[in-house]
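K.L.:
Residue numbers (the working numbering), protein chains in the order written: chain C, 1 to 380; chain X, 1 to 380; chain G, 1 to 380; chain E, 1 to 380.
One or more of the hints may lead you astray.
FRET-style restraints, in silico, Cβ to Cβ [said to hold, decoys possible]:
1) 342/E with 321/G: 54 to 60 Å
2) 272/X with 335/G: 29 to 35 Å
3) 311/X with 28/C: 55 to 61 Å
4) 342/G with 25/X: 45 to 51 Å
5) 235/G with 4/E: 41 to 47 Å
6) 347/G with 272/X: 56 to 62 Å
7) 359/E with 204/G: 44 to 50 Å
8) 337/G with 68/E: 50 to 56 Å
9) 69/G with 354/X: 40 to 46 Å
10) 204/G with 42/C: 19 to 25 Å
Incomplete in silico selection of chain C near chain X, CB under 10 Å [as the list claims (entries may be wrong)]:
11) 38
12) 40
13) 98
14) 105
15) 138
16) 140
17) 156
18) 183
19) 336
20) 337
21) 355
22) 361
Calculated from the structure, these hints are not laboratory results.
C-beta: ideal position from N, C-alpha, C; glycine also.
There are 4 protein chains.
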Amino acid sequence: MSTEHRFTFGLWTVGNPGRDPFGEPTRPPLDPVDSVHKLAELGAWGISLHDNDLIPWGTSPAEAERITARFEQALADTGLGVGMATTNLFGHPAFKDGAFTSNDRGVRRAAIGKAMRSIDLGARLGAEVYVFWGGREGTEASVAKDPRDALERYREAINVLAEYVVEQGYELRFAMEPKPNEPRGDIFLPTVGHALHFISTLDRPEMVGVNPEVAHETMAGLSFMHGVGQALWAGKLFHIDLNGQRIGRYDQDFRFAAEDLKEAFLLVRLLEHAGYEGPRHFDAHAYRSESPEGVWDFARGCMASYTALADRVAHFDSLPEVTEALARASTPELGEASCSGLGEADALKAEVDGLDALAQRGYFNEALDQLLVEVLLGVR
Amino acid sequence: MSTEHRFTFGLWTVGNPGRDPFGEPTRPPLDPVDSVHKLAELGAWGISLHDNDLIPWGTSPAEAERITARFEQALADTGLGVGMATTNLFGHPAFKDGAFTSNDRGVRRAAIGKAMRSIDLGARLGAEVYVFWGGREGTEASVAKDPRDALERYREAINVLAEYVVEQGYELRFAMEPKPNEPRGDIFLPTVGHALHFISTLDRPEMVGVNPEVAHETMAGLSFMHGVGQALWAGKLFHIDLNGQRIGRYDQDFRFAAEDLKEAFLLVRLLEHAGYEGPRHFDAHAYRSESPEGVWDFARGCMASYTALADRVAHFDSLPEVTEALARASTPELGEASCSGLGEADALKAEVDGLDALAQRGYFNEALDQLLVEVLLGVR
Amino acid sequence: MSTEHRFTFGLWTVGNPGRDPFGEPTRPPLDPVDSVHKLAELGAWGISLHDNDLIPWGTSPAEAERITARFEQALADTGLGVGMATTNLFGHPAFKDGAFTSNDRGVRRAAIGKAMRSIDLGARLGAEVYVFWGGREGTEASVAKDPRDALERYREAINVLAEYVVEQGYELRFAMEPKPNEPRGDIFLPTVGHALHFISTLDRPEMVGVNPEVAHETMAGLSFMHGVGQALWAGKLFHIDLNGQRIGRYDQDFRFAAEDLKEAFLLVRLLEHAGYEGPRHFDAHAYRSESPEGVWDFARGCMASYTALADRVAHFDSLPEVTEALARASTPELGEASCSGLGEADALKAEVDGLDALAQRGYFNEALDQLLVEVLLGVR
Amino acid sequence: MSTEHRFTFGLWTVGNPGRDPFGEPTRPPLDPVDSVHKLAELGAWGISLHDNDLIPWGTSPAEAERITARFEQALADTGLGVGMATTNLFGHPAFKDGAFTSNDRGVRRAAIGKAMRSIDLGARLGAEVYVFWGGREGTEASVAKDPRDALERYREAINVLAEYVVEQGYELRFAMEPKPNEPRGDIFLPTVGHALHFISTLDRPEMVGVNPEVAHETMAGLSFMHGVGQALWAGKLFHIDLNGQRIGRYDQDFRFAAEDLKEAFLLVRLLEHAGYEGPRHFDAHAYRSESPEGVWDFARGCMASYTALADRVAHFDSLPEVTEALARASTPELGEASCSGLGEADALKAEVDGLDALAQRGYFNEALDQLLVEVLLGVR
């Protein structure tokens with residue numbers, strides 16, 4: 001397994017014990033240090049973590065220091081990097097009505113404080129990116145929160161935390177992770193689009209990008225490739241969460257490429273074309289039916305599928321019939337400016353009369369898409 | 001029927017002949033002038049239109065002038081206003097691969113030209129807002145378009161059209177109307193969030209807002225109330241399309257409030273609280289099973305439900321038990337700043353230790369939401 | 001609160017501690033005996049339970065006997081009935097690949113045995129109906145199970161359990177509870193339709209009906225009213241689970257009528273028209289944001305909304321304008337036979353030529369549905 | 001292209017002119033005779049048709065006879081078979097409230113008559129199967145139809161038509177085609193399960209099976225492979241409609257295997273394992289962006305993908321590591337009976353105590369599913 005793609009896994013992913021809303025854990029907890037060693041052995045580039053993945057809630061400062069030092073040693077021993085760090089602002093019962101957008105001002109303040117402490121930890125561990133997933137920032141009963149107030153509080157929190165990073169001299173950038181629902185009925189900043197807009201309203205928009213997740217956009221039935229495309233277009237793809245998901249379902253977090261191989265192919269192609277340099281981060285977990293051994297099958301599968309898809313992409317792009325099919329679809333022509341500005345206004349208006357003639361051509365998308373399917377199936 | 005809410009209907013809504021993908025029209029076409037008179041009689045404030053709702057594709061300039069003058073006369077006779085105008089960039093076969101984002105540069109140029117011509121018409125008719133619904137701006141085979149190129153072309157088109165409006169001295173503002181899919185497999189700018197972000201990248205962002213539609217956000221299972229909330233928070237709610245829709249289905253465009261009465265109530269409450277001053281625009285149509293008579297039942301129903309919901313909202317807000325329930329949910333407290341800035345960093349970090357205590361309280365959302373349901377049902 | 005509707009609550013519903021996939025419990029466990037007393041006080045008719053709601057996994061036989069006797073005493077003291085009992089075949093880690101359809105024969109045998117033990121308990125407590133919810137009977141990786149084998153094993157299990165009931169002389173009837181997904185990627189018998197068909201293949205189909213749940217059909221975007229209608233039409237509505245849910249989301253189990261008031265109204269109307277005599281069973285739970293006090297707000301709300309909707313139904317049905325609107329829609333005419341059989345074949349063929357004339361009429365569904373909305377809103 | 005799979009296409013599929021709810025046709029109509037010749041050339045086994053695909057509504061009897069004879073000649077000339085015939089009971093405006101379940105008794109009678117006429121045509125053309133897709137049998141306003149009445153009328157119609165077939169001595173079998181929604185808000189018999197149950201209530205259940213369609217089950221987010229599995233288990237897979245679709249969207253009818261390659265692979269594997277002998281029928285159409293030339297790219301792609309998937313299936317099944325992975329998942333063990341009946345009741349109850357031990361094993365579904373993905377990607 002090469003590390004060129006900088007594959008990373010959350011500690012909570014390989015460490016997922018298989019608990020779900022209807023059943024108890026099926027696997028014992030994993031020591032984060034063991035996860036580090038095992039992931040290094042499998043060829044991962046690094047790990048990511050929530051504060052409480054490493055340091056359980058309620059740990060004393062002295063014990064927290066001991067845990068952290070031991071973890072740093074494991075990173076040093078294996079050479080693994082920390083691709084991303086984040087704060088758990090959803091597990092503790094106090095966050096049941098939200099963290100940065102809880103109706104209770106005391107909870108909001110503690111949430112900001114917890115994020116500050118956690119940013120200190122992330123900076124110490126050398127994280128490149130700090131992610132904010134607002135899993136509890138939402139409602140079941142929408143009447144209980146004015147969404148304008150909620151967004152204002154959200155903005156306040158991210159602004160003060162960005163300021164904190166600057167004041168502390170940390171090198172961190174932030175990435176907002178959208179999700180439409182679950183665990184809340186409706187979550188604020190439900191999609192990549194909402195998050196990108198929110199970022200444009202911040203005091204330091206240049207410090208903040210997005211962390212799109214396959215499962216989250218897919219839950220809402222949106223094209224993940226289009227969402228990532230808009231983030232890349234805006235220069236805001238600071239991190240990415242790879243996994244598998246079916247539309248319109250609970251948050252499944254399946255192995256990357258376990259669902260929708262064509263979209264996975266298109267995603268890998270877009271990332272590779274765009275020269276995305278961040279980690280390829282797997283935010284997924286093994287099926288609950290797996291024993292501990294199956295967890296590593298899962299991890300290997302994530303990396304193997306990305307690598308295989310990247311190979312398929314390179315092959316697809318190398319085929320002369322693909323170049324020709326893209327030309328028949330006029331795909332490269334979409335990269336050309338449509339006009340040179342208002343000086344052409346009269347000309348543009350006149351060209352309306354040519355629409356009937358323009359309707360005659362075809363775009364040959366069936367042939368192009370079938371080429372893609374056949375490359376995916378190894379027939380070409 | 002009072003006109004305080006400025007109810008408007010698209011010519012294409014009451015004029016919808018009941019054609020669908022599986023069946024032929026069930027109603028004859030309506031003369032736009034007759035629609036104006038009938039809507040005036042029912043108490044609507046105004047109408048909205050696509051260029052080709054009034055002037056069919058292929059009409060000669062002389063005939064177009066005659067049609068337009070006759071229509072202006074009907075507006076003058078009835079006192080109806082034009083709430084919004086827009087361009088049909090989806091019906092003509094030439095737009096089968098997109099309009100502003102067609103891979104064919106000639107189509108893109110004609111689309112911009114058609115929008116210019118149509119803006120001229122909208123300005124002449126006194127429209128306040130010019131809407132862009134990019135129904136064909138998308139893909140079925142995502143490999144055929146780099147989404148970054150598509151967004152760049154989209155931006156180019158809106159930029160040049162905004163410039164055109166300024167140069168012509170028109171009073172128009174633009175509103176982007178998002179939609180996730182249908183008629184394309186995936187449409188660019190699929191949600192209010194994506195559109196708000198797109199606007200932030202334009203040359204004249206201040207001229208451009210959004211036109212959210214109940215059905216479009218709902219198709220993706222997103223909270224319409226939250227989406228409108230983000231638009232209001234950003235000062236970008238320039239227009240709104242009201243109708244009814246079930247999640248995860250074809251574009252139904254049902255009568256306003258025919259689906260999800262609670263969300264409709266919350267939407268009306270948000271609009272009224274926010275002091276939204278634009279038209280309450282119904283972008284819906286009668287069931288295909290209706291004869292021409294049923295079309296006016298449909299139109300009456302849209303207005304009657306909005307009015308009834310606005311009354312219910314006022315009643316809800318007047319109840320002392322509602323004020324108390326909101327207080328128990330700490331709803332007003334969400335309007336307060338969480339902290340005074342980085343000077344409080346140490347205090348905020350220290351307050352993390354209070355989370356266990358903060359977890360004890362409840363938020364009483366069940367009681368609050370049940371109050372709402374009981375007001376809706378007329379029990380309170 | 002009258003008991004005419006025989007309202008029941010699962011012990012697991014009011015006892016739900018607010019744990020979810022992303023967070024720890026927010027409420028302490030409830031003693032089942034306390035739940036019985038509190039529900040009696042609120043006006044419920046009875047309760048329902050899984051074996052392990054009353055007797056936790058791992059309890060010794062002696063302790064189980066003590067718990068059961070104490071619970072029987074509570075029922076006797078309060079007069080509450082047991083509307084339904086069921087087996088927990090999903091919580092224990094051994095069921096991670098299924099219970100009756102686990103690939104492991106040993107698990108399948110233990111699952112059947114656990115159901116037998118649990119049926120003994122249900123019969124002792126006087127349950128009318130025994131429910132089977134096959135939450136773990138499904139797959140994430142469909143390649144791992146041939147669905148034909150899975151259905152054959154499912155049938156084998158229900159057949160042997162029905163035989164067991166008969167042999168033991170219990171008065172129980174069975175009800176299959178369908179669900180499309182969660183906690184498995186895809187669950188066998190995903191809808192009311194699949195379950196009704198499955199029942200038709202059993203050895204004792206007359207003993208087995210369905211237990212449709214609002215949330216489960218709604219997750220798949222199906223009309224709950226139509227599904228319940230098909231069950232009633234087949235004489236198979238043996239039990240019903242009432243709650244609230246949005247389409248295409250995780251299993252929300254919201255308070256009854258918290259979502260989609262129109263569908264809730266139509267459901268109550270159908271149940272009341274059909275003379276459904278089983279319990280109105282609430283399988284829902286309070287929002288996680290609620291403290292213990294909020295749980296009883298939740299329970300009160302479920303019953304209050306059903307009662308209010310039943311009142312609205314009676315009012316709707318009493319209105320002369322409703323009778324007239326139903327007549328204009330030809331609703332009663334759907335109750336008439338279309339023809340008298342093959343003797344009319346030639347006549348029927350000849351009537352095809354009348355289709356153009358038959359197309360002229362309207363069905364006035366807009367007016368009828370708007371009447372319903374206005375009754376719901378208390379305007380009529 | 002081999003004909004071993006008996007590929008068939010509906011006349012309406014290759015003949016689809018690219019009209020949709022928002023746009024006019026993009027392709028000219030195709031002469032059915034030309035479609036027959038072109039499909040024969042591409043290697044299809046046969047065609048399928050609605051009555052009005054061949055004989056437009058309003059054609060005189062003499063002209064209908066001429067059209068039919070010319071079409072028979074084309075079939076004879078090319079050797080193409082008729083896999084399936086069906087009646088168009090959705091396009092004519094008279095069916096706007098339903099056909100067999102229209103509230104208007106006259107419409108219901110004409111619908112039965114039209115189906116009789118159309119069955120005569122299908123029998124004449126040698127169709128094996130007669131399909132009923134009840135696209136208009138549903139509601140937008142559920143209050144307008146009691147679902148029990150609707151199902152009763154539906155049953156009446158199918159019963160009388162089955163009787164008609166028997167009386168006429170035709171060799172036809174019927175297949176019911178379910179769909180959840182579109183063009184109606186909610187359609188009766190929304191899934192394979194509902195249809196299978198409905199069939200069990202008919203007078204001649206042995207004559208009637210199902211015609212599941214990828215797009216229709218997928219719209220509701222149901223596993224198509226599981227639905228087809230239940231139909232096969234019941235001996236009721238009389239026909240199948242192959243295409244591509246995303247969950248929770250309008251009816252897309254994409255090229256087979258254009259979406260969800262893993263599910264397509266599993267479907268083909270199930271059909272081939274089960275020895276399904278009916279036609280592989282493509283009910284799909286070319287993207288609207290295609291010119292006439294692209295229609296044949298589309299048709300070729302459907303057949304090429306099925307063939308490639310069937311090859312991949314054979315390869316997958318031939319791999320020793322697959323056999324081993326299935327064994328580790330205990331897949332074959334699901335084919336074994338769980339117990340020998342009630343005589344084992346005590347033993348089964350006793351085995352419950354072994355659940356903790358049974359929980360230790362894993363099912364290795366990650367490894368098995370990843371094998372499948374790698375075979376699909378041509379890596380193995």
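K.L.:
Now, for every hint given, state plainly whether the structure supports it.
P.N.:
Against the structure, the hints come out as follows:
1. Between residue 342/E and residue 321/G the beta carbon distance is about 59 Å. The supplied range of 54 to 60 Å therefore holds.
2. Distance hint for residue 272/X and residue 335/G: a CB-CB separation of about 44 Å, inconsistent with the stated range 29 to 35 Å.
3. Evaluation of the 55 to 61 Å hint for residue 311/X and residue 28/C yields a pass: the beta carbon distance comes to about 59 Å.
4. Distance hint for residue 342/G and residue 25/X: a CB-CB separation of about 35 Å, inconsistent with the stated range 45 to 51 Å.
5. Separation of residue 235/G from residue 4/E is about 45 Å and conforms to the stated range, judged on CB atoms against 41 to 47 Å.
6. Here the CB-CB span from residue 347/G to residue 272/X is close to 58 Å, well matched to the stated 56 to 62 Å.
7. Take residue 359/E and residue 204/G: their Cβ atoms lie about 32 Å apart, and the range 44 to 50 Å is violated.
8. In this structure the supplied range 50 to 56 Å is violated for residue 337/G paired with residue 68/E, their Cβ-Cβ distance being about 33 Å.
9. The hint said 40 to 46 Å for the Cβ distance between residue 69/G and residue 354/X, and at roughly 44 Å that hint holds.
10. At about 52 Å, the CB distance of residue 204/G to residue 42/C disagrees with the hint of 19 to 25 Å.
11. Using the Cβ-Cβ criterion of 10 Å, the hint placing residue 38/C at the interface with chain X is not satisfied: the shortest such distance is roughly 31 Å.
12. Checking residue 40/C against chain X by beta carbon gives a least distance of about 32 Å; that is not within 10 Å, so the hint is violated.
13. Because the closest C-beta pair between residue 98/C and chain X is about 9 Å apart, less than 10 Å, the hint holds.
14. Taken as an interface hint, residue 105/C checks out: its beta carbon lies about 6 Å from the nearest beta carbon of chain X, inside 10 Å.
15. For residue 138/C, the suggested interface contact is upheld, since its CB lies about 8 Å from the closest CB of chain X, less than 10 Å.
16. About 7 Å separates the beta-carbon of residue 140/C from the nearest beta-carbon of chain X, less than 10 Å, and the hint is met.
17. Contact between residue 156/C and chain X, as hinted, is supported at the beta carbon level, the nearest pair being about 6 Å apart and thus within 10 Å.
18. With 10 Å as the threshold, the beta carbon of residue 183/C stays out of range of chain X, its nearest partner Cβ sitting at about 14 Å, so the hint is violated.
19. At about 6 Å, the closest approach between the beta carbon of residue 336/C and any beta carbon in chain X falls short of 10 Å, and the interface hint on this residue holds.
20. Nearest Cβ of chain X to the Cβ of residue 337/C: about 6 Å, under the 10 Å cut. The hint holds.
21. Residue-level restraint check for residue 355/C holds (minimum Cβ-Cβ distance to chain X is 4 Å; threshold 10 Å).
22. At about 7 Å, the closest approach between the beta carbon of residue 361/C and any beta carbon in chain X falls short of 10 Å, and the interface hint on this residue holds.
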